[in-house]
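J.: These are the residues of each chain, in order.
There are 2 protein chains.
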Amino acid sequence: MTANTTLLSLSEIESLAAACLMANGCDEINAGAVSRVIAAAERDGCHAHGLMRLPGYVAALRSGKVNGHARPTVHSQSAAVLRVDGDRGYAPLALELGTQSLGGAAKQAGIAALALVNTHHFAALWYEIEMMAAQGLVAMACTSYKPAVLPAGGTRALYGTNPLAFGWPRSGGQPVVFDQASAVMARGEVMLAASEGRTLPEGVGVDPQGQPTTDPQAVLKGALLAFGGYKGSSIAMMVELLAGALIGECFSFEAASRDNEDGGPPRGGEFMLAIDPAHLGDGDGWQSHAELLFGEICAQQGTRLPGERRYRHRAVALQEGVAVSTGLLEKVRALAG
Amino acid sequence: MTANTTLLSLSEIESLAAACLMANGCDEINAGAVSRVIAAAERDGCHAHGLMRLPGYVAALRSGKVNGHARPTVHSQSAAVLRVDGDRGYAPLALELGTQSLGGAAKQAGIAALALVNTHHFAALWYEIEMMAAQGLVAMACTSYKPAVLPAGGTRALYGTNPLAFGWPRSGGQPVVFDQASAVMARGEVMLAASEGRTLPEGVGVDPQGQPTTDPQAVLKGALLAFGGYKGSSIAMMVELLAGALIGECFSFEAASRDNEDGGPPRGGEFMLAIDPAHLGDGDGWQSHAELLFGEICAQQGTRLPGERRYRHRAVALQEGVAVSTGLLEKVRALAG
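Quick mapping for you: the protein sequence lines, in order, are chains R and Y. First residue of the first sequence: 3, per my numbering; consecutive thereafter. First residue of the second sequence: 3, per my numbering; consecutive thereafter.
In isolation and in its complexed conformation, chain R is listed as follows:
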């Protein structure tokens, strides 16, 4: 903790976030779900998805774009497909309901998919992946956002940052979870470079004319490249299709054109799938088998399992709380009234 930070417990963060949301148009059940996600992000060191997002959450409640009294509904479409209508609310409440049903369907059918629509997603995906892993299920999720990433070879942002997340449950510990954007670098890191006057490495982005540049200001006005060239671009396209046309929700470019630009998240969808390995494999050796792979990964110096960094932050935060920027804290308290 430095002079510019204030130490808060996780329950203090959650209560503050809930109070802020309830002072701005959320009812208790919606505020509760969102504030659990915010507290989890702070707990895991993912500050970009934590309290920092509250001004955006509040803006979209105040503008009326997002329904703070949403009552999401879960519809069973077939043996292995659920559709959750978010009632124009924030995603967390819809996901708390949807992931329970998804888990049940996956345990019955072996694999199941969830189409989350009519919602506003402003959080990371590892949170709902962990909810599936807690049910002993392998899971995958993706969502699009506003255009930020070039299609390979192109000149203009078309794809969202489009995270793809995956999780594998472990009987003896935390699940192995990755949650990675399709952009080669997070927009937040580009903003940081701009504010510190640093140039970017080659291959991060292009200027508004579509020309490669290492100037972070130009990239912020232009677009980011996908990770790994055309391969990351293919992943970004797949995410657009799964979280868009497949589930009957909008693409990133449609989300942006319909958005009221209030600073909160645009309307969008999320595609999730859950798999019960007990149905796929030959017996129940899948968990111990996977440990052999994890052991091989960790046996190489310099490697780590996806998710490890978050779990290290989590262990500390559960004991010691989280140091929150005092400036941010004042801003949030002001929003809470």
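Hint data in this document are derived by calculation from the structure and do not stem from the laboratory. Keep in mind that the hints are not guaranteed to be accurate.
Repeated chains share a single entry, so a pair holds when one copy, or any two copies, can fit it.
What the hints assert, rightly or not - Cut-off 25 angstroms, straight-line C-alpha distance, at most; resulting in silico cross-link-like pairs (SDA-like, lysine to any residue): (1) K109 x A280; (2) K109 x D87; (3) K67 x A50; (4) K148 x L294; (5) K109 x Q79; (6) K109 x H77; (7) K223 x F296; (8) K148 x G297; (9) K109 x G297; (10) K333 x T75; (11) K223 x R306; (12) K109 x L10; (13) K333 x S17; (14) K148 x D284; (15) K148 x P214; (16) K109 x G304; (17) K109 x Q176; (18) K223 x R311; (19) K109 x H71.
Position chain Y relative to chain R; hints supplied.
T.: Positioned in the frame of chain R, the structure of chain Y alone reads:
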């Protein structure tokens, strides 16, 4: 066609491949399935998966590792999960059977998964993705192989080249399909650079001590990097888990240690999933909706849809046949006896 090539029709390629396989221990039904895959690869300009593979296919038949008389069996595990036992044969016959059942299950349940086990996969994945797209289904597939790719930050090859493939059916034309390895560069391209005495770009691979190098000979003895740094490495790990522990088959490192090194493919598995968009979305507008995205991608100069290059080759090959290296042709004819 140059002096060193011979022009063959696609049916000539298919017949030659079938004759070669049948002269070396395949029965007609297994040889037919493999030779269709080989002819499709030549047709689409994917020569690395075409006739070039026949010496490897033959070697594993001759060594007895692969069962040329395999009778794959399809088992329904639950409403949405199928398990196909390949009976120690090559994958194509098992996939011809499995993808039909997978399509039926996906149309019933909305989404379905296929666990292909006890098989030897030596071909590309776009072939089976196209079989699902032909049924009007969205599909994903992945398979592992022998270790070739470093886990991010590590020093030794652990992951296979581990392709991930995805396809989206289009009513008015060929499906959009990508099929991409987790390695930043194909091993074949590294071999080409070595044979031509060229150095590699930075960031392709490491030497046997795990040190970065641009020497293709050193990379061939060492390992390739995953595409896009740790993000591609996460994808490669996911592929190991899905095509390994999830379905009860071996990881790349296990496949290598059990293989008899006869030059043919090791034993392995494949994970596939198929989704019927009619169950997920809100009505049947999913196809026309996707066209809006494809239109936006193609509206940018310099872009292309995944799969386009193959379809261009296909159109030419269907009219004109394929120019096959005369040296390769002689080799294959010799193998056919």
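J.: So which hints don't hold here, by number, going up?
T.: 9, 10, 12, 16, 18 and 19
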